[in-house]
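J.: I would like the entire structure built from these sequences, with the hints used as guidance.
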Amino acid sequence: MAKQDAKAAAAKPAKAQSATGKPTKKAAQLKQVAQPKQAAKGKQAAKPKQKERAQAKSSSQRVEDVSGGGTNLLTAVPEPKYDWMNKSRQWGVRVKPGKKGLTLGSLNVGIYGEVPTDWPDQSRNPRGAIPRHGMPPVGYAVRDKAAMWADGAADLYEEAIQRRWAPATDVPWDSIEPLADDVEHAVCQVCTELCQYANVDIEAISSWQHQMAYGYHEVKQYLATATFDAARHYEAFRKRALYNGGGLGLEGPGEVNRMIIESYGGWTETVAYLFLLRGTFTMTMLRYLERFAHNDAERYIYARVIEDKARHLAYGIEHLQYSIAHIQHQAGVLATVLFVGDRIFARDLRDPVLREALAIIFGNGIEGARATGLDTWDAMMRDFMSSLQETCAWLGIPRSAAGMPEAMRRYLPPDAAAEAASADIPEAAQAAAR
Amino acid sequence: MGVSQEVHLGEKSMSEAAQLDVERDLDLGWMDRRGEWEIQARPSKNGLTLADIQIGDYGDPPVVSENQTGVPRGAAKRDGSYRIGAYGVRTKSEIWLDNASFLYEEALQRQWSSATDIPWHTIEPLPDDIEQAQCAMDTFLTEVEFVAGDVPARWVARTTPDFFEARNVLLCQVMDESRHMDVFRKRALANGGGLMCATGGTAGVVGSIDHSRDFTEMSSRLHISGEGAVLTIFRLGELMAYNDAEKAIYRLCAQDEARHVAFGVMHMRYMAETAPERHEEIHCYLDEAERGILSGSQNPAGQFTQTSESMAILLGGGKANFDEGRNRLIAIRKRQLQEYIKRVKSAGFGDRFENGRSQVPELLAEIAA
Ligand SMILES: [Fe+2]
Ligand SMILES: [Fe+2]
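Going down the list, the protein sequences come from chains X and Y.
All letters in the first sequence, in the order written, are residues 1 to 434 by this note's numbering.
All letters in the second sequence, in the order written, are residues 1001 to 1369 by this note's numbering.
Worth flagging that the hints you see were computed from the coordinates, not collected in a lab.
Certain hints may be false.
[To be verified] With a Cα cut of at most 16 Å, we get these calculated EDC-like pairs of lysine to aspartate or glutamate: (1) Y/K1092 - Y/E1277; (2) Y/K1077 - Y/E1066; (3) Y/K1342 - Y/E1354; (4) Y/K1334 - Y/E1290; (5) X/K100 - X/D155; (6) Y/K1247 - Y/D1117; (7) Y/K1045 - X/D121; (8) X/K96 - Y/E1273; (9) Y/K1345 - Y/E1238; (10) Y/K1319 - X/D83; (11) X/K145 - X/D121; (12) Y/K1345 - Y/D1244; (13) Y/K1334 - Y/E1288; (14) Y/K1045 - X/D170; (15) Y/K1077 - X/E255; (16) Y/K1342 - Y/E1290; (17) Y/K1092 - Y/D1117; (18) Y/K1045 - Y/E1106; (19) Y/K1319 - X/E79; (20) X/K100 - X/E159; (21) X/K100 - Y/D1117; (22) X/K96 - Y/D1117; (23) X/K145 - X/E114; (24) Y/K1077 - Y/E1124; (25) Y/K1345 - Y/D1287; (26) X/K99 - Y/E1273; (27) X/K99 - X/E159.
[Claimed, not checked] Label pairs and their in silico Cβ distance ranges: (28) X/A303 - Y/S1346: 40 to 48 Å; (29) X/D118 - Y/P1043: 35 to 43 Å; (30) X/P414 - Y/K1045: 54 to 62 Å; (31) X/E262 - Y/D1032: 51 to 59 Å; (32) X/H326 - Y/G1088: 31 to 39 Å; (33) X/P137 - Y/G1056: 42 to 50 Å; (34) Y/V1064 - X/D118: 41 to 49 Å; (35) X/A146 - Y/R1110: 34 to 42 Å; (36) X/E262 - Y/P1062: 48 to 56 Å; (37) Y/D1032 - X/A371: 21 to 29 Å; (38) Y/D1244 - X/E114: 30 to 38 Å.
Each residue gets a CB set at the ideal place from its N, CA and C atoms; glycine is no exception.
T.: Here it is as structure tokens:
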């Protein structure tokens, strides 16, 4: 097996050995270590007699010793063949921890960092290992890089782990004081709906994750953190609802939930609905909830969920960007997806429950909801629509205000609404909406 | 509670169908639609845990869940909601366990980072045979760890949120396995080695963890048999470790695996107690698991030579000490079988070891001989 300095291997895989063909300095060092110190562990040196005894026996004796006469193939350990040794696609890799530790992304050196555009292998062959051929497939259905990839997935994965939190012990629960009945009721209602949002995150992501090819492990691993986050959100909002003399409220209207769950034509479409549309809305709502929180416990929960959601959004946007860059006509497909999504989103908006509950929280009561809370809702919706439109514009997904339902269009910034009103509605989008 | 009189809308129809023209009107009908009220959960000594919010109606998962819309357990339902759940797992005995809340909270408290919690700097160059053996094991573990991520994730999506405590534990497992998959990849690429040969240890054959069609069938293979065997190895990881980094990896992974195995044992116990009609069926899964307990390639201490030889090299201290490594490997197998028996007994299926159905006592006797 060709040995080489790991760092050099990463940077210059072609120079696995020195120009003279001699092993590099590091390889020589390794060899030096290998020869005189075979028994690297102290305990080996300390037990010479046992070692000698074992070496003195013949191989057949050894099999007999452990198998009660060599009759049972299950318990016996046959003579070693070592036929797996000296087999590696790239040896001599030595990745060192950086200032954020030894991160997943830093492992992408040499062939280990080569991420092909498709991964037809349906086993769990780790990327960079020598595959074992002839094994029946596990059944990975999503095998194109463009169908799931986001360049930042590995970093988001590590960030998620660093920023973990535990609602049981990190939330200052005792900061919650009794609230006015209407406000408590509104908080409980919002928590109920946020539980459902988290439930959809969990079910949508976990129904896709196992279908994704093993070669894109960074994405699979990042998504593991996303469902873990969502499990925590489900827990935290339920705990808040059951803490302060209230309980759970009324089930959400569920049109958007259905849209996300039923977008199983492709993961990218799910990403557009779950992360871009619902995600941007939830993020905006959480920012307002944090601003209008009634105690430190709520402030803490909202702030931490915002951090988690920011990663979900980052993955979602990076994936959409990658997908648009690598799949022909993808921006048009996503325009159609969102054209349909807008209509469904608008149907959920017709339902007054979430709007009223939020207005009560923002206005600190029912009267306050009428006085200022509904205005704050409007401001929140304008922020949401600005964020959504900005992201779509950045991604290059064409959006037409003219084709947008009035329930959303009314919250567009005036100039954007006027400008976009003249744009054509894509024909495909109209057909899909029909 | 008591919504103030001025806004109490009495018999007014529920608001979900309402379309208010002027959005300055408040409907507020939703305030009459709610779950059990006046709930005041209080933290216990471990904080506000899931167990602490299992109060009133909220603590009472149904024996058979009719929830197909994804409504949170205990919330008021809407009549017009779409049945989008398509949940296949709706019977409590199929997935439930009594200590899910505990396992979930513990998983949250014991999360760790493979990037920063492993003292990577303690790894020094090792003899080539030992580094190769370590990398072969790492390749195997990088390959198989995420079967326990892919598969639980798929079951979560199929399970009604009425059993969310169990689902949340499984989601922690997916997270844990993700970290296991990456910590072994990190180790393989950290010390002058690399990945070696994949084993195909999780191929999609009949009877595999991936292809199980029943949750308990899957759990018996994954949690009890597969992860049980790996847990024993991780617990004894110190014997194979050459530096503090490897010791930390095995110790932290063992901690996680112990929770995964506990899930399986506790679920099977619940099943044994609440679904006696499924006893014989469960025994059949265990028969199957035991047939592969030392054969096949899922138990690295078993008969698959790539992993068993690697382990013997690591346990003995090099190829030259293979025999000593072999003896330790056999000691590990013995421990695996003993712990397996203990788990299955604890799960309520210990009769198989008394009535001659299980071959494991026989295997143990042979090893002892
Ligand atoms: Fe694991
Ligand atoms: Fe595990």
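J.: Decide, hint by hint, whether the structure agrees.
T.: How the hints compare with the structure:
Taking the CA atoms of Y/K1092 and Y/E1277, the gap is near 15 Å; set against the 16 Å cutoff, the hint holds. Distance check on the hinted pair: Y/K1077 and Y/E1066 sit about 11 Å apart at the alpha-carbon level, within 16 Å; holds. Between Y/K1342 and Y/E1354, the direct Cα distance comes to roughly 13 Å. Compliance with the 16 Å bound is thereby established for this hinted pair. For the given pair, Y/K1334 sits about 14 Å from Y/E1290 by alpha-carbon distance, which is consistent with the 16 Å threshold.
A distance of roughly 10 Å separates the Cα atoms of X/K100 and X/D155; the hinted pair therefore holds under the 16 Å criterion. The hinted pair formed by Y/K1247 and Y/D1117 meets the criterion: a straight-line CA distance of about 12 Å does not exceed 16 Å. Annotation: proposed proximity of Y/K1045 to X/D121 is violated, straight-line Cα distance about 49 Å (limit 16 Å). Note on X/K96 and Y/E1273: the hinted pairing is violated, with a Cα-Cα distance of about 51 Å set against a maximum of 16 Å.
With a CA separation close to 27 Å, the supplied pair Y/K1345 and Y/E1238 exceeds the 16 Å bound. For the proposed pair Y/K1319 and X/D83, the alpha carbon gap of about 13 Å is at most 16 Å, so the pair holds. Proposed proximity of X/K145 and X/D121 is supported: the alpha carbons are some 13 Å apart, at most 16 Å. A C-alpha spacing of about 35 Å is found between Y/K1345 and Y/D1244, which places the hinted pair above 16 Å, so the restraint is violated.
With a C-alpha separation of about 19 Å, the suggested pairing of Y/K1334 with Y/E1288 is violated against the 16 Å cut-off. In summary, the hint linking Y/K1045 to X/D170 is supported, as the alpha carbons are separated by about 13 Å, within the 16 Å threshold. Of the pairs offered as hints, the one joining Y/K1077 and X/E255 holds, with about 15 Å between alpha carbons and a cut-off of 16 Å not exceeded. A C-alpha spacing of about 14 Å is found between Y/K1342 and Y/E1290, which places the hinted pair at or below 16 Å, so the restraint holds.
At most 16 Å may separate the alpha-carbon atoms for a hinted pair to count; Y/K1092 and Y/D1117 exceed this at roughly 38 Å. A C-alpha spacing of about 13 Å is found between Y/K1045 and Y/E1106, which places the hinted pair at or below 16 Å, so the restraint holds. A threshold of 16 Å between alpha carbons decides the hint, and for Y/K1319 with X/E79 the separation of about 12 Å falls inside it, so the pair holds. Only pairs whose Cα atoms come within 16 Å are accepted, and X/K100 paired with X/E159 is accepted, the gap being roughly 10 Å.
For the hint pairing X/K100 with Y/D1117, the CA-to-CA distance comes to about 11 Å; that is within 16 Å, so the pair holds. Taking the CA atoms of X/K96 and Y/D1117, the gap is near 14 Å; set against the 16 Å cutoff, the hint holds. At roughly 12 Å between alpha-carbon atoms, X/K145 and X/E114 fall within 16 Å of each other, so this suggested pair holds. Distance check on the hinted pair: Y/K1077 and Y/E1124 sit about 60 Å apart at the alpha-carbon level, beyond 16 Å; violated.
With a C-alpha separation of about 14 Å, the suggested pair Y/K1345 and Y/D1287 falls inside the 16 Å cut-off, and the hint holds. Under the criterion of a C-alpha separation no larger than 16 Å, the hint pairing X/K99 with Y/E1273 is inconsistent with the structure, at around 51 Å. Restraint check: the Cα-Cα separation between X/K99 and X/E159 comes to about 13 Å, which is no more than 16 Å; the hinted pair holds. The hinted window of 40 to 48 Å between X/A303 and Y/S1346 holds, with their beta carbons roughly 42 Å apart.
For X/D118 paired with Y/P1043, a C-beta distance near 50 Å fails the hint of 35 to 43 Å. With their beta carbons about 56 Å apart, X/P414 and Y/K1045 fall inside the hinted range of 54 to 62 Å. Between X/E262 and Y/D1032, the C-beta spacing of about 31 Å breaks the proposed range 51 to 59 Å. Taking the beta carbon of each, X/H326 and Y/G1088 are about 35 Å apart, inside 31 to 39 Å as hinted.
Under the hint 42 to 50 Å, the C-beta atoms of X/P137 and Y/G1056, about 48 Å apart, fit the expected range. Checked against the hint of 41 to 49 Å, the pair Y/V1064 and X/D118 passes, with Cβ atoms roughly 43 Å apart. The hint said 34 to 42 Å for the Cβ distance between X/A146 and Y/R1110, and at roughly 37 Å that hint holds. Taking the beta carbon of each, X/E262 and Y/P1062 are about 25 Å apart, not inside 48 to 56 Å as hinted.
Separation of Y/D1032 from X/A371 is about 23 Å and conforms to the stated range, judged on CB atoms against 21 to 29 Å. Remark: the range hint 30 to 38 Å for Y/D1244 to X/E114 is upheld by a beta-carbon distance near 32 Å.
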